[in-house]
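Chains as they are written, first to last, in the numbering used here: chain A, 1 to 445; chain B, 1 to 489.
Incorrect hints may have been included.
To be verified - Chain B is faced by these chain A residues, among others (derived, beta-carbon under 10 Å): (1) Y29; (2) R82; (3) Y87; (4) P89; (5) N104; (6) E141; (7) V151; (8) K157; (9) P162; (10) F187; (11) Q306; (12) V310; (13) E311; (14) Q372; (15) N384; (16) H440.
If you're looking for bench data, these hints aren't it; they were derived computationally from the structure.
Keep in mind that this is a model prediction, so the values were computed, not measured.
All C-beta atoms, glycine included, are put in the ideal place defined by N, C-alpha and C.
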Amino acid sequence: MRILRSVALCLLASACFLSAADKIFPYPYTQEDLPNGLRLITIPTDYPNIVSVYIVVGAGSRDEVEAGKTGFAHLFEHLMFRGTAEYPPAKYTAVLKSAGAASNAYTSSDLTAFHTTFSKEDLPTILSMEADRFQHLDYSEADFKTESLAVLGEYNKNSASPDYQLYETMRGTAFKVHPYSHTTMGFLKDVQNMPEGYQYSRDFFSHFYRPEYVTIIVAGDVDPKKVRSLIDERWGQWKRGAYKPRIPAEPAQDGPRRAHVDWKMETIPQLAVAWRGPAYSDDSVETAALDAIAHLGYDQNSPLYQKLVVEDQKVEAMEAQAPANLDPELFEVDLHVKDAKDLASVEAQVKAVAQSFVEKPVDAKQLELLKQHLRYEFALGLDNSEAIASTVASYVALRRTPETINRYYDMFSKLTPADIQRVAKKYLIDRNLDVVSLTHDGGAK
Amino acid sequence: MRPIIAGLVFAATLCAQPRVVELPGKSPLVTIRLVFTTGAASEPADKPGAAALTASMLSEGGTKTMTYKQITEALYPMATTIESYSDKEMTTFVGETHVDNLEKFYALMRDAVLHPGWRAEDFTRLRDQQLNALRVSLRGNNDEELGKEALYNAIYKGHPYGHEDLGTVSSLQKMTVADLEAFYKKHFTQANLIIGLAGGYPAGFAERVKKDFAALPGGPADKFELPAPTPLQHNQATIIEKDTRSVAWSIGFPISLKRGDPDFPALLVAQSWLGQHRESGGELYNRMRELRGLNYGDYAYIEYFPRGMFQFQPDPNIARHQQIFQIWIRPVEPPNAVFALRLAMYELDKLVKNGIPAGDFEKTRSFLSKYVNILTKTKSAELGYAIDSKYYGMPEYNEYLKSALAKLTVADVNRAVKKYLHADNVQIIGVAKDAAAIKAAISSAAATPMHYNSPKPQDILDEDKKVEVWPLGLKPEDVTIVPVTSVFE
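Okay, chain B solo, but in the shape it has when bound (with noise of 0.2 Å):
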C-alpha cells in the first residue's frame, strides 16, 4: 500500500530529473500522462507549429523500430490509442490502458516518445494533417473556433503566445523533419516532463518509468519569460469576412490572473454567474438567449477552453501562465448581430459597475463548490488536474477550490471584478459574411434595433432601447476586415 496524503503523492523533485505525480488505486484501468512543460511558446519564431507536429510525430508516427503500421496492429488488441495535444507551455501524451496490457502498451508508448523513428512519409502525412486542420477545419468549416483563436491571436500578437498551435500555412510548408528533430532534443528533456500515473499499475512501476525517462536529455527546464501583452488604448475590431450564414462574435481582453492566485477563486465565480460553459444558468445565456432568442449559446472564460462545442468540461494540461477574459457568442441571424455584440458589452459593462448581485453569489459559489467533482470525474481528469496543479505550484485543484470558495464573500468577487475586468480596451472578432455592413454598422452610432417574432415584456423592450445605442466605441479606423483565406497564413 502507498502512503496516501489528500488524495496524491509527490515523488520528490530533484533538479533536472523527471517530476512525477501518482493517483495510485486498485481500479483495473491505468492512465500514464506524459506531459512536456514545453510547447508553442518555446517555438523558433520562424517554426510556429513544431511543438505540435512534433509531439504527433512521437504519438502519430513510427519508432526506430516499428513502423506507425505495427504500433497499430499491437495497439489494436488492447483497444487503446496513445493521443497527443499540444498548447502554448504544455505538450501532453495521454494513453489508458487494462491493466492486463500495462506492460505491452507502456512499451510503446515509452518507445513513442523515447525513441522516435522521424521517417519521412509519417511527416509528409502527419504534417498534411495539420495543414488541412488550420486551412480546413479550422477556418473553413468552424466559424465559432475560428473567431476565438483568432482572438487570441491578436491579443497575444507580438507575444510568444502570439500565434496558432498548429502554426501558419506558410511556416508548415516549409518545416522539416530536421526542425522537428531539433525541436525535440531540447525541449523534450528530463527537465520538462511531468509524469502522471494513475489506477491499478503494480509496485515499482513508477520508479521504473521514472527510470526509463531519465534517458532522456538533461538541461534546464523551459522558461517562460512572458511580457504583458500591449493592452489596447480603445476598443478594436476585426472582421473575418466569409461566406456563412450567420455572424458569431469573441471578444475579450488579457487578465493578470491565474489559476492558484489568490483571486482567482473570486474572478471564478463572477464568469461562472456571467456565463458557465454551456450550462444554461449564466446571466448572458438567460439574456441573450432566454429571454431574446438571439442564438444558441453565450458564454464567458478566465482560462483558455479549445474545443469548446465539442465539449462540456476542458481539458486539463492547457496551462498557461497568461490567460485572457473571453465572450464567447454563438452564431447570431445576421439582422440581429450588431444587437447581439452589443447586448454583450452592455453585459459586460452591467458586471463591471454594478457586481454580481448578493443573491446570487451563494447559488454560484453552491455550484462550483460541486461542479469541481464533475471535472475531476474521471481518472485521467484527476490526473490532469492534479498535474497541472504541480505545475502552477498549487494545492490539490478540488481541495484548493472548495476550500477558498468556503472563505469568499461576495465583496471579495466584485472587488476582484473591478480589479481585473473592464468594458473598455477590449478585442473584437466578427466572422460574417457581410463584413463591410457589419463594420459600417459597428463604427456607427445609428440605433440596431432587435427583431422579434412575439411579443415582449416591457422591461425588455425598455432595455432594448437602451442596447440597440449601446456605444461600441470604435471608429471606422478601428475595424480592420480580413479575408478569411488571410487568417492563419
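So here's chain A without its partners, still in its complex pose (with noise of 0.2 Å):
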C-alpha cells in the first residue's frame, strides 16, 4: 500500500526536523569511491516503488575557460543524448519509454546533472545504458552541427525575456576575466559559431567526461549493495582522466560598476543591486551570514519587502540570493519596479538595508526565528525520492557529499548577530556594488 509504505521513514525523519542538535539531512546514505575516481552516493529514502538517478559531472560553464568556447558544458548536455553504438538515439529512447522514465537534464555555472526517475525495476537498465553513453559517446559531425541548432534555439527561447537580458548583462558587469562573466547559456556569437566546434567538443567530452569528475546519486526504492553491484559492473572499468581546468581569478573589484539595458518591448522595469561576494563555504560562516542578511534584508517578511510591496506599493517582486557557488559569487537583489521614475530610490532603499547590516547587529529574535523558517523549509522539499536527489545533486557539486547539507545547517544554526554584522562588513561595500537596470523606451536610467 502506498500509503502506509510511504510512512515510516518520514516518521524517523520528523524526529529530525526540528532539533538543531540533529542533522537536517535525515536519510541515512552510503558514499562510497571507486578506484578509478567515481563517486556513487545511495539513498534509500522508502518513498516506494519510484527511483531517481541524478548524474552530475563536476563540469559547467565556469570551466568554460577558452575565449570563443563559451556554452560548450551546456551544448554538452544536448550531446550526450546523441547516442552511443550500442545504444543509438532511437534505441536509448525507447528504452526510456519502455520505462516510463521522466527524464532531462541541465547545466548550471559549476555542474552538468542528467536525471531520470522511473520505477525501480528498471534501475539496472537505466544505471547500464547510462554507464554506455558516458563511456561510449559517439556522434557524428553533422549530428553535432543539427544539436547546435537544437541550442540556438533555446537561446532564442530564452532572449525573449528581459529577466534573462538582465541577467546576462549583470554576468558581463560583475566579472572580467573569471567564466562566471558568461551564462550557461555562452554568449550569443559562440553560440551562432558552435557548429564549427566538432572537434573542441570531442576534447571537452575526453577533458570532463571522466569518473573523477562524476558523482552518482541514487535515491528511492533502493538496495545500496544491489547498486553498488550493478555501478560496479558497468562502471568500474571507466577510465581516469588528468585533465584540470585552469580558472582565472577574478581580480577585487575596484570600485562601483553600472550597467544599463534597453528593451524593446513594453515590460515592468527590472533593477539588480549586486555585491561581490565569497565562495560557499560550510566551515566558515561566510555563506550562512549572507544567506541570513538575504533572507532578513529582503525576503517576504522583510521590513523592506513590506514596504516598498505591500504599503508603498512601488515594486512588485523583490527576491535576493547569497552567493553559493564553487568560486566568489554575486549577493544579488532582484526587482521589478512599477515606475522607472522611481528605480533611483528604490535602489537607495535596497542600499540603505545593505547598510544596516554593516552597521548595527541584527535582532537576535529575528535570526532565531528564520533558522526555525529555514528548517521547516528544508524538511517540506524533500516530500519525494527525486526532490531529495534533487537537492542533494546541487550541493554535490559543491562538496561531492550531501554531509556538506549538515555541515552548513550547523554552521547557520551556530550563526550570530556578531557573525553576520562581521561578514556584511566585509563584502556589502561600496566597492564591490555592482547594479544593473533596464527599462522599455524612454524609461529613467
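These two chains come separately, so use the hints to put the complex back together.
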C-alpha cells in the first residue's frame, strides 16, 4: 500500500526536523568511491516504487576558459543524448519510454546534471544504459551541427525574456576575467559559431566526462548493495582522466559599476543590485551569514519588502540570492519596479538596508525565527525521492557529499548577530557594488 | 486507523455541503487543498479576471482580523504559504505544513478563505500584479505561453472559455472590490467546495474542517452549460506581431473528449506518441528537433497544460469539461519558421491518415502506465488528482489509467485518432517580428525550403521536398495580423 509504506521513514525523518542538534539531512546514505575516482551516493528513501538517478558532472560554464568556446558545457548536456554504437538515440529513447521514465538534464555554472526518475524494476537497465553513454558517446559531425541548432533555439527561447537579458548583462558587468562573466548558455556569437566546434567538443568530452568528475546519486526504493554491484559491473572499467582546467581568478573589484539595458518591448522596469561575495563555504559562517542577510533584509517577511511591495506598492516583486558557488559569486537583489521614475529611490533603499547590516547587529529573536523557518523549509522540500536526489545534486556540485548539507545548516544554527555584521562589513561595501537596470524606451536609467 | 479504500476515502456527499477527499497517512507533512468548482467560466461577461483576482485577494490579502503583513509574519516561522490559482472551472487554494504547525497554519488558511478582509490597499497591489502578469509576463516576455493562450482564446471565441483567466487589461482597470465581493458571495459556496486533505493530520480533523466550511453560503453549485465551440470550416491563422528574435507557433482545435471518457486513454496514447510533454521520445520532437535541429522542442496535448515551459508535470485542479488538441512548436529561427509549421501539419496529417505504428504502441502504453506514478509522486499531486477524479466522476486516476491501458489495443488508439483528430479546420497562432512576410509565406503555395548547416540523409531530403510545399490551406483572407499590444486588451 502506497500510503502506509511511505510513512515509516518520514516518521524517522520528522524526529530530526526540528532539533538544531540533529542533522538536517534526515536520510541515512552510503557514499563510496570506485578505484577509478567515480563516486556513488545511494539514499534509500522508502518512498515506494520510484527511483531517481542524478548523474552530476563537475563541469559547468565555470570550466569554459577558452575564448570563443562559451556554452560548450551546456552544449554537451545536449550532445549526451546523441547516442552510442550500442544505444543509438532511437534505442535509448525507446528504453526510457518503456521504463515510463521522466528524463532530462540541466547545466549551471558549476555542474552538468543528467536525471532520470522511473519505476524501481528498471534500475539495472537505466544504470547500464547511462554507463554506456558516459563511456562511449559517439556522434557524427552532422549530428553535432544539428544539435547546435537546437541550442540556438534554446537561446532564442530565453532571449524573449528581459529577466534573461538583465542576468546576462549583470554577468558581464561584475566579472571581467572569470568564466562567471557569461551565462550557461554562452555568448550569442559563440552559440552561433558552435557548428564549427566539432573537434573542440570531442576534446571537451575527453577532458570532463571522466569518472573523477562524476558523482552518481541514486535515491528512492533501492538497496545500496545492489546498486553498488550494478555500478561496479558497468562503470568500474571507465578510465580516469588527467585534465584540470586553469580557471582564472577574478581580481578584486575597485569601485562600483553600473550598466543599463534598453528593452525593445513593453516591460516592467527591472533592477538588479549586487555585491561581489565569497565562494560557498560550509566551514566558515560566510555563506550562512549572507544567506541570513538575503532573508532578513529582502524576503517577504522583511521590513523593506513590506514597505516597497505591500505598503508603498512601488515594487511588484523582490528577491535576494546569497552566493553559493565554487568560486566567489554575487550577493544579488532583484526587483521589478512598477514605474521607472522610482528606480533611483528603490535602489537607494536596497543599499540602505545592506548598510544597516554593516552598521548594527541584527535582532537575535529575528535570527532565531529565521533559523526555524529554514529548517522547516528544508524539511518541506524533501517530499519525494526526486526532490531528495535533486537537492543532494545541488550540494554535490559544491563539495561532492551530502554531508555538506549538514555542515552548512550546522554553521547556520550557530550563526550569531555579530557574525552577520562582520560578514556584511567585509562584502556589502560600495567597492564591490554592481547595479544593472532595464527599462523600455525612455525609462529613467 | 481510518479505513482506506483503494487509497482514497470519499466522504459521503450530502446535497450542497462541501465534499471531502482524504488521503490520510502518517507523514509529518500535511497538505490542504480547497478547490472551489468555479472560475473564469462563471464570471459575468463584463468582469473577466474576477475569479483569479478574488482568489488572490483571499490568498495574498488580509483577513477581517489580520493584515496581510501580519499573516506573512505568522506564516514565516512555519516556512509555508497559502497559494492560489484559478482556471475556467476550478479555483484552488493550496497549503502544506509540517504537522507540528497544523493548528496555527489551518487557522490562517481557514480565515483567509472564510473571512477575507477586502482591503483597498490589498486590492490595488494585487490588481497591479495581475495586470502586469497579463501585460508584461505573458504578452511581453513569453512568446510561447502567449501563443498557447491566444490559441485557446481564438478557439473559444464567444464561448464561456473565450477569455484569459487573468482577464483583460480593460476589465481589470474597471474592476472594483465590490465586484470581487459579489463574485465571492455567489460562487464561494458550500456546494462548490471540495476539501482535500493528505498526510498525518489528527483524527477528527477532517470533520472539523468540514464543519468550519459549512459557514460558507448555501445555494447551488456552479453549472457549466457549455456550448460546443464553433468549428472552423477551414484553416485559420493569426499572427501576433512582436519584436522578437524567432517565431513561435501553436496549432489546435477543440476535441469532444475529456478525462474519464471511454476513449480518453486511447487518445492519450496517440498524444504521448506524437509529443509527450518535455520528453525526448515524441514523434514531433524526433522529426523536428532531433533529425532537423529546427528548435528546442515540439509537443502535443489533449488537456490544458499552462506554464509548460517551467514545469515537467502538469498542475492538478485545472479540470475542464471541454478540451482542445494542441501542438506546441517552440521558437524557430525565422528562415525556417514556415517550414517548421508545414512539418508539424505534415506530421499531424500522417498521424490522422496512418495512426500510430503497431511497433510503437507497446512502448507508449508501457511509458504511460509507469509515468502515471511520476505524475502523482508527491502527496499534494496525488491529492490534486483525487480531487479532479471526484469532479469528473471517475475512479482514482492512477488505477483508472493503468487498467484502461492494459485493455487497450493499437486498433483502439487508431480508431480514436480517426474519430477525434483531423489535419484540417485547424487554428494556427504565430508570434513573429515580420508578420507580413510570414502571412505572405503561409498563404502562398511557393516552397519554403529548410536551410541546414550539415549534410542530411537522402530520406530526410526527400521528405523535405514534400514538406516545403505542404499545403497549409490558407488564403490571405484566412490570416489575420494583430499587434501584440492589442492582445488581452
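Going down the list of hints, with the structure as the test:
Of the supplied interface hints, the one on Y29 (chain A) is violated, with its beta-carbon coming no nearer than about 20 Å to a beta-carbon of chain B, more than 10 Å. Against a cut-off of 10 Å between C-beta atoms, the interface hint on R82 (chain A) holds, since the closest Cβ of chain B lies about 9 Å away. Hint on Y87 (chain A) is violated. Least Cβ distance to chain B is approximately 13 Å, over the 10 Å limit. With 10 Å as the threshold, the beta carbon of P89 (chain A) comes within range of chain B, its nearest partner Cβ sitting at about 6 Å, so the hint holds.
With a least beta-carbon distance of about 7 Å to chain B, the hint placing N104 (chain A) at the interface is held under the 10 Å criterion. With its C-beta approaching chain B no nearer than about 7 Å, E141 (chain A) sits inside the 10 Å limit, and its interface hint holds. With its C-beta approaching chain B no nearer than about 8 Å, V151 (chain A) sits inside the 10 Å limit, and its interface hint holds. With its C-beta approaching chain B no nearer than about 5 Å, K157 (chain A) sits inside the 10 Å limit, and its interface hint holds.
With a least beta-carbon distance of about 6 Å to chain B, the hint placing P162 (chain A) at the interface is held under the 10 Å criterion. Nearest Cβ of chain B to the Cβ of F187 (chain A): about 15 Å, over the 10 Å cut. The hint is violated. Interface hint status for Q306 (chain A): upheld, as the beta-carbon distance to the closest one in chain B is roughly 5 Å, under 10 Å. For the restraint placing V310 (chain A) at the interface with chain B, the shortest Cβ-Cβ distance is roughly 6 Å, inside the 10 Å limit, so the hint holds.
Interface hint at E311 (chain A): satisfied, since its Cβ lies 8 Å from the closest Cβ of chain B, which is below the 10 Å cut-off. At its closest, the beta carbon of Q372 (chain A) sits 5 Å from a beta carbon of chain B; the interface hint therefore holds under the 10 Å criterion. Taking 10 Å as the C-beta cut-off, the interface hint given for N384 (chain A) holds, the closest approach to chain B being about 5 Å. For H440 (chain A), the interface hint holds, the least distance from its beta-carbon to any beta-carbon of chain B being 9 Å, beneath 10 Å.
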